[in-house]
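Please put together the full structure from these sequences, using the hints given.
One letter stands for each residue in the lines below.
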Amino acid sequence: MTEVDITSKTMDGIGPHGVKVGLLRVLGPAHVWALGVGIVLVGEYMGWNFAVGKGGAYAALIACWFAGILYTCVAMIDSEVTSTVASAGGQYTQAKHIVGPLMAFNVGLYLVFAYTMLEAANAITAGYLVSVVATITGHEGALNQRPFIILVIMFLAWLNYRGVLATLTFNLVITAFAFAAILILFLSTSGIIGAGIMDHAALFEGHELPYGWIGILASLHFGLWYYLGIEGTTQAAEEVRSPARALPFGTLAGIMTLLIAATLTWYVCSGVLPWEFLGDGVNGSVAPLFDTARLSGSAGLVWLLGFGTLFATLASANGCINDASRAWFAMGRDKYLPGWFGAVHPKYRTPYRAIVFLVPIALIFALGAPLDQVITFSILSGLLGYTFMPLNIIMFRRKWPLNSIKRGYEHPFHPLPAITLLTLCGVTFFAVFLGYGTQLVAMIGFYIVVSLWFHFWRYRFVNRGAQFTMPWPKPQGY
Amino acid sequence: MGLWNWIEYGAWALSAAFALHMVLDWLRTDSTYPEDVLTSSREGELEAMAEEHKVKS
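For the record, the sequence lines run as chains L and U. Taking the working numbering as reference, the numbering of the first sequence is continuous, increasing by one, and the terminal residue is 478. Taking the working numbering as reference, the numbering of the second sequence is continuous, increasing by one, and the terminal residue is 57.
Hints in this document: simulated from the structure, not taken from any laboratory. Mixed in with the good hints, there may be bad ones.
[Unchecked claim] Straight line, CA to CA, 20 Å or less: simulated SDA-like cross-link-like pairs of lysine to any residue:
#, chain 1, residue 1, chain 2, residue 2
1, L, Lys20, U, Trp4
2, L, Lys335, L, Leu452
3, L, Lys20, U, Gly2
[What the hints assert, rightly or not] Residues of chain L placed beyond 12 Å of chain U at every Cβ, according to the derived structure:
#, residue
4, Arg146
5, Ile153
6, Leu203
7, Leu295
8, Gly300
9, Leu440
10, His455
Even for Gly, the Cβ is constructed at its ideal location relative to N, Cα and C.
Encoded structure:
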């Protein structure tokens with residue numbers, strides 16, 4: 001280790017902790033909640049309603065609860081493993097410790113792609129929202145959305161670069177606002193406060209299941225929208241003050257929040273908007289909660305849900321930058337990628353090189369790729385990650401049974417959640433194959449190619465001796 | 001030129017400012033600190049000190 005003068009005026013940040021710099025442990029359960037819910041809540045504001053187009057309103061509700069079960073399993077499994085393997089990288093680090101290097105490399109890439117694509121999709125959406133505001137306020141002609149897309153990515157990357165506490169406190173405020181906006185819309189349109197405008201019976205009559213049971217199957221993969229990204233809470237593992245408490249608390253509170261938000265969103269929108277309009281997310285209702293607010297006739301609700309939509313989009317992009325950079329950083333630190341990416345900023349204590357490196361990649365996807373393709377790639381990468389989780393927890397419990405190491409949280413009914421999750425992932429893969437078979441095959445082909453590259457070339461650079469860091473006993477059977 | 005054209009220019013300018021700040025700080029940091037200090041973070045060091053990872057019988 002290089003000798004460094006810790007009294008140096010120029011080397012700010014090198015203090016009493018000596019010449020080693022790591023990520024800062026400053027976060028609490030509320031930040032974990034804000035990270036998980038913040039990434040996801042945009043899915044309540046837009047995207048989920050494609051499920052209505054595929055199978056009608058009831059199919060969308062079934063998809064909502066089907067995906068709700070899937071993600072409750074994800075949240076429980078993640079809470080147990082991550083509160084025990086509390087390091088940056090989340091599922092990547094879990095895979096490294098529990099399954100093996102090749103699985104870890106793949107899971108790391110799933111995470112980086114899922115979050116970077118989702119960040120790009122959010123930036124595109126934010127640019128679109130600004131153009132809608134311009135049109136509403138009387139701007140003639142089409143607004144150039146590019147500067148606003150770039151601004152969203154640059155501002156949020158800058159915020160992430162400057163420190164994790166400010167980044168996730170910002171997320172906490174705007175996520176809480178967006179969630180509160182959904183609650184207020186529900187109270188205002190359901191008749192609890194003022195006159196209600198919902199009429200489910202009239203809107204559903206004759207359209208209960210317009211495409212039958214196959215419509216339900218087709219709508220399943222859009223049900224993921226309600227919760228996609230809650231597993232991102234694990235990336236905060238190395239920056240929370242108390243991993244054993246904050247991670248399970250924040251993650252489980254997050255999935256409960258999302259179950260409430262998803263059900264309320266379906267109830268409010270399907271009770272106000274006709275299913276044909278609601279289900280067409282391109283030419284019909286792009287932002288269903290906002291459209292419901294417009295139909296309410298209340299200017300206050302229109303503004304509230306307008307800001308709610310924008311804030312949900314920003315919170316999601318912000319959380320994605322945080323998570324993608326932690327996964328990239330962790331892979332660099334272990335030399336799964338060049339070790340140069342494993343650097344921490346001595347003053348801001350953030351993985352600054354990983355954050356800056358992923359900015360142009362997000363920009364390329366945000367400015368050069370169609371939104372639906374970007375979203376599909378993000379969902380498919382996420383789905384591959386969910387398929388890994390049940391295998392991971394089964395191996396974790398086998399190698400280190402409950403009484404062998406200390407866990408922050410022990411999830412109940414094992415192995416039922418793992419088997420449920422694996423089954424639901426299988427069904428969702430089939431549903432995705434029906435709609436996006438080409439993309440699914442292309443993406444799996446991509447991961448096979450990079451796996452071969454890792455196995456035959458990259459693995460020789462991996463710091464093998466230093467990659468298993470947990471002070472655990474030997475796994476059972478070894 | 002309308003208000004939204006000015007806002008567009010503002011968005012370009014702010015984006016450039018944020019990008020410039022990150023890149024300059026990055027270069028300054030890399031040239032100020034030795035590489036082995038910047039990459040000195042190790043997984044699990046805090047856990048090794050703070051957590052027992054043993055179950056009380």
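Okay, the hints, checked on the actual structure:
Restraint check for L:Lys20 and U:Trp4: not satisfied, since their Cα atoms lie roughly 48 Å apart, outside the 20 Å limit. Distance restraint check for L:Lys335 and L:Leu452: the Cα-Cα separation of roughly 17 Å lies within the 20 Å cut-off, and the hinted pair is therefore satisfied. A threshold of 20 Å between alpha carbons decides the hint, and for L:Lys20 with U:Gly2 the separation of about 52 Å lies outside it, so the pair is violated. Some Cβ of chain U comes within 12 Å of the Cβ of L:Arg146; the nearest lies about 9 Å off, and the non-interface call is violated.
Chain U draws L:Ile153 into its interface by the beta-carbon criterion, the shortest separation being 8 Å against a cut-off of 12 Å. For L:Leu203, the non-interface assignment is confirmed: its Cβ lies about 37 Å from the closest Cβ of chain U, beyond the 12 Å cut-off. Every CB of chain U lies more than 12 Å from the CB of L:Leu295, the least distance being 27 Å, so the non-interface label holds. The Cβ of L:Gly300 lies farther than 12 Å from every Cβ of chain U, with a closest approach of about 24 Å, so its non-interface assignment holds.
L:Leu440, annotated as away from the interface, keeps every beta carbon of chain U farther than 12 Å; the closest lies near 33 Å. Against chain U, the non-interface label of L:His455 holds: every CB pair exceeds 12 Å, the least being about 22 Å.
In this structure, the earlier hints numbered 1, 3, 4, 5 are contradicted, and the remaining ones agree with it.
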